[in-house]
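Asks: For reference, the chains in residue letters:
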Amino acid sequence: MHTAIAIKGAVKRYKAVTAVDGLDLEVPNGICLGLLGPNGAGKSTTMRLLTGQTHADEGTIEVLGFRVPAESKQARALMGVVPQLDNLDAELTVRENLKVFARLYRVPASGRRDAVDRALRRAQLTERAAEKTENLSGGMRRRLLIARGLVHQPRLVLLDEPTVGLDPQVRQELWALIDQLRSEGVTTLMSTHYIEEAERLADDVAVMSDGRVVARGSPATLIGAHAGRTATEYYGPPPQLAKIERHAQAAGMPTRRTGPSVSVLRAEEMPPSLADVLGEGVHRATNLEDVFVTLTGEEVA
Amino acid sequence: MSLADASRSARRLRWMEMSALAGVLTHDVALFRRHWPSTTFSAVVEPTIYLLAFGFGFGSLVGAVAGYDYIDFLGTGVVATAVLFTSAFAGMFQTFIRRIYQRTYDAMLAAPVDPHELVTGEALWIAAKSGVYGCAPLLVAVGFGLDPAVGMLLVPLISFVTGFGFGLFGIWMSAISPSIDSFNYIISAVITPLFLVAGTFFPIDNLPAFAQYASQLNPLYHCVELVRHAVFGLRSADLWHLAALLIFALLMWLLAVSRMRARLIS
Chain A
1160 MHTAIAIKGA VKRYKAVTAV DGLDLEVPNG ICLGLLGPNG AGKSTTMRLL
1210 TGQTHADEGT IEVLGFRVPA ESKQARALMG VVPQLDNLDA ELTVRENLKV
1260 FARLYRVPAS GRRDAVDRAL RRAQLTERAA EKTENLSGGM RRRLLIARGL
1310 VHQPRLVLLD EPTVGLDPQV RQELWALIDQ LRSEGVTTLM STHYIEEAER
1360 LADDVAVMSD GRVVARGSPA TLIGAHAGRT ATEYYGPPPQ LAKIERHAQA
1410 AGMPTRRTGP SVSVLRAEEM PPSLADVLGE GVHRATNLED VFVTLTGEEV
1460 A
Chain B
21 MSLADASRSA RRLRWMEMSA LAGVLTHDVA LFRRHWPSTT FSAVVEPTIY
71 LLAFGFGFGS LVGAVAGYDY IDFLGTGVVA TAVLFTSAFA GMFQTFIRRI
121 YQRTYDAMLA APVDPHELVT GEALWIAAKS GVYGCAPLLV AVGFGLDPAV
171 GMLLVPLISF VTGFGFGLFG IWMSAISPSI DSFNYIISAV ITPLFLVAGT
221 FFPIDNLPAF AQYASQLNPL YHCVELVRHA VFGLRSADLW HLAALLIFAL
271 LMWLLAVSRM RARLIS
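Line by line, the protein sequences are chains A and B.
If you read the first sequence in the numbering used here, its first letter stands for residue 1160, the second for the next number, and so on.
If you read the second sequence in the numbering used here, its first letter stands for residue 21, the second for the next number, and so on.
Since the hints were derived computationally from the structure, they do not count as laboratory data.
Note that CB positions come from ideal geometry on N, CA and C, so glycine has one too.
One thing to keep in mind: the hints can contain errors.
Said to hold, decoys possible - The following label-pair restraints were derived from C-beta to C-beta distances:
no.	chain 1	residue 1	chain 2	residue 2	range
1	A	Ala1249	B	Leu259	43 to 49 angstroms
2	A	Pro1267	B	Asp201	20 to 26 angstroms
3	B	Ser199	A	Ala1229	30 to 36 angstroms
4	B	Phe61	A	Glu1217	43 to 49 angstroms
5	B	Ser199	A	Val1323	26 to 32 angstroms
6	B	Leu254	A	Ala1229	43 to 49 angstroms
7	A	Tyr1173	B	Leu237	50 to 56 angstroms
8	A	Arg1277	B	Asp201	58 to 64 angstroms
9	A	Thr1219	B	Leu227	58 to 64 angstroms
10	B	Arg54	A	Glu1286	29 to 35 angstroms
Stated by the list, open to error - To spell it out: a stretch of chain A is covered by chain B in this simulated footprint if at least three of its residues, at any positions, have a beta carbon under 8 angstroms from a beta carbon of chain B; those stretches are:
no.	region
11	1210-1218
12	1261-1270
Unchecked claim - A few chain B residues facing chain A, derived, Cβ under 7 angstroms:
no.	residue
13	Leu33
14	Gly43
15	Thr46
16	Ala131
17	Asp134
18	Ser286
Produce the complete structure using the sequences and hints provided.
Replies: Structural data, given as structure tokens:
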């Protein structure tokens, strides 16, 4: 079995809203796939479809060879889930939180203590094991949340926006933790709306927009395919920027707004005649953000 | 454990997994270790107050009720009240808080736990607490002069079965209530009448005929009768009381599981 996750044609409607709309997604074993998309693209719904906590209206889902939702309990036994919203029990100690899930995840009695100790070490919370969870900082709680999802050494980990709302230093710590998973060969599906996170951690990125995957590939491939090698940024007053956009688009060149400037993507293919009209610009390498904005039409916060 | 072994053992997951129940119970026990003093305090003090207030206040007016000394009648009846309060309120409030505010159940259902296992585990714990705390009024009543009897050993079991049913009733209510405030309707309109018209404080024989029939539908009445008879002598009609409690528990299990599943799985 080479595929950890196989979603085909999944559709999920909530009354008037279609959260997932014909989603196809395959995740091979052993990689970290970044599910990149703006808020509301359907990333969290996708995660819930994979654990059987949401049932698709159409399509088929297989996780670790088990059909979901019919055999989802079996699949859940082999995967770990790190939710976006903190659902640790704040009244319990750090150790107790892990102990409860070691039982739920069917870690045999003989190995349960080791499993909890290992998870504590992974979260760097060994010294805080006896502390009530409500006394931990936001970053520590997030580390515990990740460690809880790994207590049974799962083959597949779902990380839903693992660093949302955390300050940059804490984010770096968590990235180190996630990176470690990757080096251990654990298959990871990580949803995020942080470009840098996807760029740093994901072997492969699937860009999600309006409930489906609109592009898929390694960051480098995606950048090459959707934004070219280089971009040229033009600065100036708004009317001038609007003019630059018109000219570039008339010549078939993709553009995007980048704060106070307009970036013309695929600058390496720019015809000299257009370059003359647009004037002097600043050259830079293209990045995943260019791809994201081009494909989803959403500006990055 | 190799991957193949892991897959095989995963395939053996049963409809009702011991590990799922054990995990839910581990969570409950860990929390109980924090809260047992307050829980125990109210479980002992509440029936004591009932026994004092009704036993001395009301008991001085009535000598014997339905052939029992009033304190004996009351002491055995209040067991059901203790069980009801221990179970229905835990089922309602705890379950609601864990589902909505703490999202504990969302976390558990991402693990290999299904809603019916979650509900069963929570109800078993509530039932176990009811089994223990249901004995508190009896012990207090013994202090007030109730004669100890061998049949009292059945009281934890009766309390367990009743608490299982009412715990599930509370879980069901938590799943159909839009907010924690709407529990007020359930407490006033359902729970209060149930515990008043169960033969706890006064025998139902004196009630109008329709109320007597209605109390046959009140599971708490069956609990009161069973406890009283366990202490003062069982009779064949008690099989019906036990059956009624079991039917109630089964019905509540079906309703609680179905509503909780609808709330937790979208």
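Asks: A separate judgement is required for each hint: does it hold in the structure or not?
Replies: Taking the hints in turn, this is what the structure says about them:
1. A:Ala1249 <-> B:Leu259: 43 to 49 angstroms: 46 angstroms, holds
2. A:Pro1267 <-> B:Asp201: 20 to 26 angstroms: Given about 44 angstroms between the Cβ atoms, the range is violated.
3. B:Ser199 <-> A:Ala1229: 30 to 36 angstroms: The hinted range 30 to 36 angstroms holds for serine 199 of chain B and alanine 1229 of chain A, with Cβ atoms some 34 angstroms apart.
4. B:Phe61 <-> A:Glu1217: 43 to 49 angstroms: 54 angstroms, violated
5. B:Ser199 <-> A:Val1323: 26 to 32 angstroms: With a Cβ separation near 28 angstroms, serine 199 of chain B and valine 1323 of chain A satisfy 26 to 32 angstroms, so the hint holds.
6. B:Leu254 <-> A:Ala1229: 43 to 49 angstroms: 47 angstroms, holds
7. A:Tyr1173 <-> B:Leu237: 50 to 56 angstroms: 39 angstroms, violated
8. A:Arg1277 <-> B:Asp201: 58 to 64 angstroms: 44 angstroms, violated
9. A:Thr1219 <-> B:Leu227: 58 to 64 angstroms: At 59 angstroms between Cβs, range holds.
10. B:Arg54 <-> A:Glu1286: 29 to 35 angstroms: 21 angstroms, violated
11. 1210-1218: holds (count 5)
12. 1261-1270: holds (count 4)
13. Leu33: 5 angstroms, holds
14. Gly43: Since chain A brings a Cβ to about 3 angstroms from glycine 43 of chain B, closer than 7 angstroms, the hint holds.
15. Thr46: 5 angstroms, holds
16. Ala131: 4 angstroms, holds
17. Asp134: The hint holds - aspartate 134 of chain B has a Cβ within 7 angstroms of chain A, the shortest such distance being about 6 angstroms.
18. Ser286: 5 angstroms, holds
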